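Novice: Spelled out, the chains give:
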Amino acid sequence: MNDVSYFEYPMDEKKFHDAVVDLYREAATSLPADVQSALQDALEKEERDFHARLALSVILENVESARKRRRPLCQDTGIPLFFLKVPAGISHLWLKNLIIRATRTATKKIPLRANAVDVLTDKNSGDNTGIGFPIIYFDEKRGRKIIVDIMLKGSGSENIGQLYKLPSPELNAERDLEGVRRCVLDTIHKAQGRGCPPYIVGVGIGAAKDQVTKLSKEQLMRRLDDTNKLEVLSNLEKKLLDEINLLGIGPMGLGGMTTAMGVKIGVNHRHPASFFVDVTIACWVHRKARMTIDTTDM
Amino acid sequence: MTENDVLSLRAGDMILISGQIITGRDRLHKFLYYERPSKEQIPFNLEGTILYHCGPVIREADNRFEVIAAGPTTSMRVEMYEHRIIAEYGLRGVMGKGGMGRQTLHALQGNVAVYLTTIGGAAVYLAEKIKRVSGVWKLKEFGMAEAMWVLEVEDFPAIVTMDAHGKDLHEKISKRSYAELRKLVGIA
Numbered sequence: 001m002n003d004v005s006y007f008e009y010p011m012d013e014k015k016f017h018d019a020v021v022d023l024y025r026e027a028a029t030s031l032p033a034d035v036q037s038a039l040q041d042a043l044e045k046e047e048r049d050f051h052a053r054l055a056l057s058v059i060l061e062n063v064e065s066a067r068k069r070r071r072p073l074c075q076d077t078g079i080p081l082f083f084l085k086v087p088a089g090i091s092h093l094w095l096k097n098l099i100i101r102a103t104r105t106a107t108k109k110i111p112l113r114a115n116a117v118d119v120l121t122d123k124n125s126g127d128n129t130g131i132g133f134p135i136i137y138f139d140e141k142r143g144r145k146i147i148v149d150i151m152l153k154g155s156g157s158e159n160i161g162q163l164y165k166l167p168s169p170e171l172n173a174e175r176d177l178e179g180v181r182r183c184v185l186d187t188i189h190k191a192q193g194r195g196c197p198p199y200i201v202g203v204g205i206g207a208a209k210d211q212v213t214k215l216s217k218e219q220l221m222r223r224l225d226d227t228n229k230l231e232v233l234s235n236l237e238k239k240l241l242d243e244i245n246l247l248g249i250g251p252m253g254l255g256g257m258t259t260a261m262g263v264k265i266g267v268n269h270r271h272p273a274s275f276f277v278d279v280t281i282a283c284w285v286h287r288k289a290r291m292t293i294d295t296t297d298m
Numbered sequence: 299m300t301e302n303d304v305l306s307l308r309a310g311d312m313i314l315i316s317g318q319i320i321t322g323r324d325r326l327h328k329f330l331y332y333e334r335p336s337k338e339q340i341p342f343n344l345e346g347t348i349l350y351h352c353g354p355v356i357r358e359a360d361n362r363f364e365v366i367a368a369g370p371t372t373s374m375r376v377e378m379y380e381h382r383i384i385a386e387y388g389l390r391g392v393m394g395k396g397g398m399g400r401q402t403l404h405a406l407q408g409n410v411a412v413y414l415t416t417i418g419g420a421a422v423y424l425a426e427k428i429k430r431v432s433g434v435w436k437l438k439e440f441g442m443a444e445a446m447w448v449l450e451v452e453d454f455p456a457i458v459t460m461d462a463h464g465k466d467l468h469e470k471i472s473k474r475s476y477a478e479l480r481k482l483v484g485i486a
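Residue numbers (the working numbering), protein chains in the order written: chain A, 1 to 298; chain B, 299 to 486.
If you're looking for bench data, these hints aren't it; they were derived computationally from the structure.
Note that the structure is a prediction, hence the values are computed from the model and not measured.
For every residue, glycine included, the Cβ atom is placed at its ideal position computed from N, Cα and C.
Hints may be right or wrong, so weigh each one.
[To be verified] Here are the simulated SDA-like cross-link-like pairs (lysine to any residue), alpha carbons at most 20 Å apart as the crow flies:
{"id": "1", "chain 1": "B", "residue 1": "K438", "chain 2": "A", "residue 2": "D118"}
{"id": "2", "chain 1": "B", "residue 1": "K427", "chain 2": "B", "residue 2": "F363"}
{"id": "3", "chain 1": "A", "residue 1": "K108", "chain 2": "B", "residue 2": "G441"}
[Unchecked claim] Simulated restraints on C-beta separations:
{"id": "4", "chain 1": "A", "residue 1": "D226", "chain 2": "B", "residue 2": "R334", "range": "50 to 56 Å"}
{"id": "5", "chain 1": "B", "residue 1": "K473", "chain 2": "A", "residue 2": "E170", "range": "49 to 55 Å"}
{"id": "6", "chain 1": "A", "residue 1": "E64", "chain 2": "B", "residue 2": "R362", "range": "22 to 28 Å"}
{"id": "7", "chain 1": "A", "residue 1": "K68", "chain 2": "B", "residue 2": "K429", "range": "18 to 24 Å"}
{"id": "8", "chain 1": "A", "residue 1": "E178", "chain 2": "B", "residue 2": "L437", "range": "26 to 32 Å"}
{"id": "9", "chain 1": "A", "residue 1": "A33", "chain 2": "B", "residue 2": "P335", "range": "27 to 33 Å"}
{"id": "10", "chain 1": "A", "residue 1": "H269", "chain 2": "B", "residue 2": "G317", "range": "57 to 63 Å"}
{"id": "11", "chain 1": "A", "residue 1": "E170", "chain 2": "B", "residue 2": "M312", "range": "33 to 39 Å"}
{"id": "12", "chain 1": "A", "residue 1": "I131", "chain 2": "B", "residue 2": "G317", "range": "39 to 45 Å"}
{"id": "13", "chain 1": "B", "residue 1": "H404", "chain 2": "A", "residue 2": "D226", "range": "36 to 42 Å"}
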């Protein structure tokens, strides 16, 4: 592993490391308020369906217990995914190494389930670190503050996401927003209850496979009440949410009116020959958290 | 569970499980399917028990195992193995989330067993229903998540979603959602 700690660095290593461990704990053990209240609303709506009510009541009790006992909401503590926005002049490599160290600490202390498995040997690294694990993206920003967003992405829901290239004769989907709509509905129908609904759906549209997948995950960082700045997409988000909920898959796929709690769509420019659509699903245990560190304090 | 217990259950019923269950997920299924260990080679009696698709978080302290989080994992991933495991080891139940396929449904019918759905993501709530860890197999080799854990549970909630009479709640919901999908996008 690369180590840049020999640089004279103006920031406090321990402070950043400990803050990342706390961020892991916050994300793993407490559900964001918007998601919790969406689940609460769903319970009130599902008055007719016994299975949906049962699933949602257990889910909400679990949220309370996990928060009170500081325990991971779900035993699949997921793939840790980081989005960092960093002021100019701070080494990304330095930050990356501290995140890796904090991942090891968090795995032991919280504890998290060790989920990093060597593809070739099937050996679990035991500490949630490995090749490309955790996933970390960097961007530069103005100002003095570092913003660290974390998502602990459960793999039950990760497995049911789909990548499409349009046109798709099978879905009768062309290269337009109607085609995108068909992709999203297809993904949810194929997923049924396997990824722990009610879901939150992230959609990325653009030129290349890697780009749209990252974009769809960025959409999942948006709050449920966040409105898309592009009106045409905002309308599609609302329409798709209603339509997904008509499918009747319901909480845990046991039937009901709440199959999704939000749909968020992002666009990039595309190549004339390509129109990729990635649909990433988040389970109801949508674990994410943000911290902001002022570098002048470090 | 006895054969009669299982036969009395219908898709849609909610049950509370008390007694001993075992865990097993991807790695254990592949192992049981290909290596075919005899019943004597497995340190626990699987006959009549429930196999729970779960990779728990368990902490070992003072020579004691403490279950921290233990919700279900997606069952469909072990579809290609489960039918033979049900038959060979005499399971009376398989528990997980999301449902399973045709092969498993036939095996449930043929061997008198049920598929149970429990609540995904409710890992702390469900861990509280586990009173004790009474054994573990293949912990070193497979690791914590993939090992076979023997758990004593009390009032562990689950819904019968595939019964021994060939009824499958998942298939019913899937068909209904497909009919809605057709209405929405007009595909043939």
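Novice: All hints, please: hold or fail.
Specialist: Each hint, compared with the structure:
Straight-line distance between C-alpha atoms of K438 (chain B) and D118 (chain A) comes to about 16 Å, which keeps the hinted pair within the 20 Å bound. In summary, the hint linking K427 (chain B) to F363 (chain B) is supported, as the alpha carbons are separated by about 15 Å, within the 20 Å threshold. Straight-line distance between C-alpha atoms of K108 (chain A) and G441 (chain B) comes to about 15 Å, which keeps the hinted pair within the 20 Å bound. Checked against the hint of 50 to 56 Å, the pair D226 (chain A) and R334 (chain B) passes, with Cβ atoms roughly 53 Å apart.
Separated by about 19 Å at the C-beta atoms, K473 (chain B) and E170 (chain A) break the suggested range of 49 to 55 Å. At roughly 26 Å, the beta-carbon separation of E64 (chain A) and R362 (chain B) lies within the given 22 to 28 Å, and the hint holds. For the pair K68 (chain A) and K429 (chain B), the supplied restraint of 18 to 24 Å holds, since their beta-carbon distance comes to about 20 Å. Checked against the hint of 26 to 32 Å, the pair E178 (chain A) and L437 (chain B) fails, with Cβ atoms roughly 52 Å apart.
Judged by the Cβ atoms, the range 27 to 33 Å given for A33 (chain A) and P335 (chain B) is violated: they are separated by roughly 48 Å. For the hinted restraint 57 to 63 Å between H269 (chain A) and G317 (chain B), the CB-CB distance of approximately 59 Å keeps it satisfied. Taking 33 to 39 Å as the suggested C-beta distance range, the pair E170 (chain A) and M312 (chain B) conforms, at roughly 38 Å. Taking 39 to 45 Å as the suggested C-beta distance range, the pair I131 (chain A) and G317 (chain B) conforms, at roughly 42 Å.
H404 (chain B) and D226 (chain A) have their C-beta atoms about 47 Å apart, which leaves the hinted 36 to 42 Å range violated.
In the structure shown, a violation is registered for the earlier hints numbered 5, 8, 9 and 13, in ascending order.
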